Amino acid sequence: MLGRYPSLNGASDLARTRIKVCGIRTHEAATAASDAGADAVGFIFVRTSPRYIDPETAFEILSVLPPMVSTVGVVMNMSIDAFSDLEESCPTTYSQLHGSEDEALTRQCGPGVIRAIRFDADTIAAELQRWDAIEEVDAILVDGSAGGEGQAFEWAKLEDAAAEISKPIFLAGGLTVDNVGAAIRAVRPYGVDVSSGVEKERGVKDLGLIAAFCEAVRRADE
Numbered sequence: 001m002l003g004r005y006p007s008l009n010g011a012s013d014l015a016r017t018r019i020k021v022c023g024i025r026t027h028e029a030a031t032a033a034s035d036a037g038a039d040a041v042g043f044i045f046v047r048t049s050p051r052y053i054d055p056e057t058a059f060e061i062l063s064v065l066p067p068m069v070s071t072v073g074v075v076m077n078m079s080i081d082a083f084s085d086l087e088e089s090c091p092t093t094y095s096q097l098h099g100s101e102d103e104a105l106t107r108q109c110g111p112g113v114i115r116a117i118r119f120d121a122d123t124i125a126a127e128l129q130r131w132d133a134i135e136e137v138d139a140i141l142v143d144g145s146a147g148g149e150g151q152a153f154e155w156a157k158l159e160d161a162a163a164e165i166s167k168p169i170f171l172a173g174g175l176t177v178d179n180v181g182a183a184i185r186a187v188r189p190y191g192v193d194v195s196s197g198v199e200k201e202r203g204v205k206d207l208g209l210i211a212a213f214c215e216a217v218r219r220a221d222e
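Numbering-wise, the sequence shown is residues 1 to 222 according to this note's numbering.
Rather than coming from a laboratory, the hints here were simulated on the basis of the structure.
Treat the numbers as computed from the prediction; the structure is a model and nothing was measured.
Errors might be hidden in some of the hints.
As the list claims (entries may be wrong) - EDC-like mimics (lysine to aspartate or glutamate), calculated; alpha carbons at most 20 Å apart, straight line:
#, residue 1, residue 2
1, K200, E28
2, K200, D178
3, K157, E136
4, K157, E199
5, K200, D35
6, K157, D206
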């Protein structure tokens, strides 16, 4: 999923934007995402989230996904022991760290880390450089909130800060069928991440919206 890509770091606009559908909790939603062309599905292993899924159920779902669909386990401020236990019970392709994990813990959780950060115009450049320097980080996800709140930000302000970053960048936060095209055209990210934007109610995915979102991304790529 995270091969070298023309993203915010200056390559051609002709490449395909990757799609991650996060907060998957059912076989039906996972199948809808893969059928619609999503590159990855995300499982939330944060117990306070309305999209929480237990690792055993997540493993059942990922076991029947097509082989080219990546899986992402989303965690927040887990100890390395708890993280290791999670990896044993549900080994996902990538691990997304969405809390205040420091560099040392991030390295311990690697390789295959997607490092999530919250957009702040005053700190985004430094945060991007901070995680770009960590070898175990495969990609950086920029969100408009602490995660799962559907909060957008001024996407165009991300472009200059990311100009010198070598890692692929995912855009998240408040993306919907109606605005994902504009977001892609504004910043040309490596990928987009959607969760609340394809839900009919909090924590419940709308299969039709998943398909429509993926189609909107493809139209923007054209």
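How the hints compare with the structure:
Between K200 and E28, the direct Cα distance comes to roughly 14 Å. Compliance with the 20 Å bound is thereby established for this hinted pair. Distance check on the hinted pair: K200 and D178 sit about 15 Å apart at the alpha-carbon level, within 20 Å; holds. With a CA separation close to 26 Å, the supplied pair K157 and E136 exceeds the 20 Å bound. Simply put, K157 and E199 have alpha-carbon atoms about 27 Å apart, too far for the 20 Å limit, and the pair is violated.
For the proposed pair K200 and D35, the alpha carbon gap of about 19 Å is at most 20 Å, so the pair holds. For the given pair, K157 sits about 30 Å from D206 by alpha-carbon distance, which is inconsistent with the 20 Å threshold.
Of the numbered hints given earlier, the model fails hints 3, 4 and 6; all others are met.
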